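Peer 1: The primary structure of each chain is shown beneath.
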Amino acid sequence: MQATRFIHEQGTLRLAAFEDDLLALLPRLRRFARALARNPADADDLCQMALEKALLGKASWQPGTRMDSWMYRIMRNSWIDMARSRQRAGQTFLDADAGADIGVDGGAEARIALSEVDAALHALPDEQREAVALVLVEGLAYKEAAEVLDVPMGTLTSRLVRGRQALMARLGETL
Amino acid sequence: MSIDPALLMAYADGELGPIEAKRVERAIAADPALGEEVARHRALRARLDGHFAAVAQEPVPEHLAAMLRPRVVELPARRRTVRMPAWAPWSGAVAAALVLGLFVGKGLPEQGVVRTRDGQLYAAGSLAGALDQQLAANGGAVQMVVSFRDREGRYCRVFRSQPADGIACHEEKGWALRQTMGGSRASTSGYAQAGSADPALMAAAQELMAGDPLDAAAEARARAAGWK
Chain A
1 MQATRFIHEQ GTLRLAAFED DLLALLPRLR RFARALARNP ADADDLCQMA
51 LEKALLGKAS WQPGTRMDSW MYRIMRNSWI DMARSRQRAG QTFLDADAGA
101 DIGVDGGAEA RIALSEVDAA LHALPDEQRE AVALVLVEGL AYKEAAEVLD
151 VPMGTLTSRL VRGRQALMAR LGETL
Chain B
1001 MSIDPALLMA YADGELGPIE AKRVERAIAA DPALGEEVAR HRALRARLDG
1051 HFAAVAQEPV PEHLAAMLRP RVVELPARRR TVRMPAWAPW SGAVAAALVL
1101 GLFVGKGLPE QGVVRTRDGQ LYAAGSLAGA LDQQLAANGG AVQMVVSFRD
1151 REGRYCRVFR SQPADGIACH EEKGWALRQT MGGSRASTSG YAQAGSADPA
1201 LMAAAQELMA GDPLDAAAEA RARAAGWK
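As given, the protein sequences belong to chains A and B, one line each in that order.
Note that our numbering has the first sequence beginning at 1, numbered continuously upward.
Note that our numbering has the second sequence beginning at 1001, numbered continuously upward.
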């Protein structure tokens, strides 16, 4: 057997920009997924699905535009697909509480607080939750969030205000 | 003065221009309840921000990160001096070195994951399914090590599994098994470990390969196109 070599060096250079940028975004994408999905396992399945789509759709990515907005859009569409296909298959998502305390350090108090926020978020209709997730969790400006969701600004703000009022009512005493 | 709830929210988020912001500030000065509402909006943002900050700080799961890392596959150097005829890639010294039964499928069960057609062995069942669907980044009962195109432009994939490791190339009739060897490296748990395949198998892949192995994006595209 002759000496080994690394055969992929060229490819590594060619791919570095796109995939490194995605890799750097991954923590934020996981955070967004966690706000959309009901538990950490579903959230990471969602991430995987979105990353597969992003890799497939790499050609449609325009360098110089915002990759985070592009990925949020892919992830949000993946979430809709995932929810639909599970509905068709008659599967239900795991209960929010089932995964709520996974991966969290801290005592019982932290876990209780965590499930409270999660439960409040998941009581929202999807369209309000995604608006809340983009603006309050991901920190997008209204205009950016409206673009990701492909809705007019007025629609975004009305979803956001309704979602927030519901959250404030539910979490009121602990805010 | 009445203030629309959406306007108040936008003020709390710093989304208003200076003129609108002034208008809201005047209304807040006249009505402390509006100021409290603004404080609640900001408290909610801080609460969600704090809640999800931990997620962004968690280490990213390896199976997700691996999808984005260009796969560096360690392969033996291609032999430049001896070019095997395409019709007999496994003849002679190479085949001997590989300790392979030529399409005999030693160690491969005769049914389940293999079928024969016109004297050729094809992947079937769960193996065919994994070859069709599984990307190299994802583990499972069958592990995809690397995908590539051979000199005829066919997509080929190196796989590892409990019954057998091998190379399968996509043809009209399915995944033709070009190479199999007993899955000696597969773990007893039935879950193939990621990582290096048998060096002999990788040498065989290297001989078949035209160009470089597929990167993650190319592999996903090939899968989407049905490996054609």
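Treat the hints with care, as some may be off.
[Stated by the list, open to error] Taking lysine to any residue and the SDA-like style, the derived pairs with C-alpha atoms no more than 25 Å apart in a straight line are:
1. B/K1228 with A/L26
2. A/K58 with B/G1153
3. A/K143 with B/A1012
4. A/K58 with B/R1069
5. B/K1022 with A/Q165
6. A/K58 with A/S85
7. A/K53 with B/A1141
8. A/K143 with A/D45
9. B/K1228 with B/G1125
10. B/K1022 with B/L1007
11. A/K53 with B/A1224
12. A/K143 with B/D1013
13. A/K143 with B/I1019
14. A/K143 with B/L1064
15. A/K58 with B/Q1134
16. A/K143 with A/G154
17. A/K143 with A/Q165
18. A/K58 with B/A1222
19. A/K143 with B/A1021
20. A/K143 with B/V1024
21. A/K53 with B/L1064
22. A/K53 with B/A1218
23. A/K58 with B/Q1162
24. B/K1022 with A/K53
25. A/K53 with B/A1033
26. B/K1228 with B/G1182
27. A/K143 with B/L1008
28. A/K143 with A/A89
29. B/K1022 with A/K58
Honestly, the hints are just simulated from the structure, not real lab data.
Note that the structure is predicted; figures quoted are calculated from it, not measured.
Peer 1: Run through the hints listed earlier and report the numbers of any the structure violates, in increasing order.
Peer 2: Of the numbered hints given earlier, those the structure breaks are 1, 8, 14, 23, 24, 25, 26, 28 and 29, listed in rising order.
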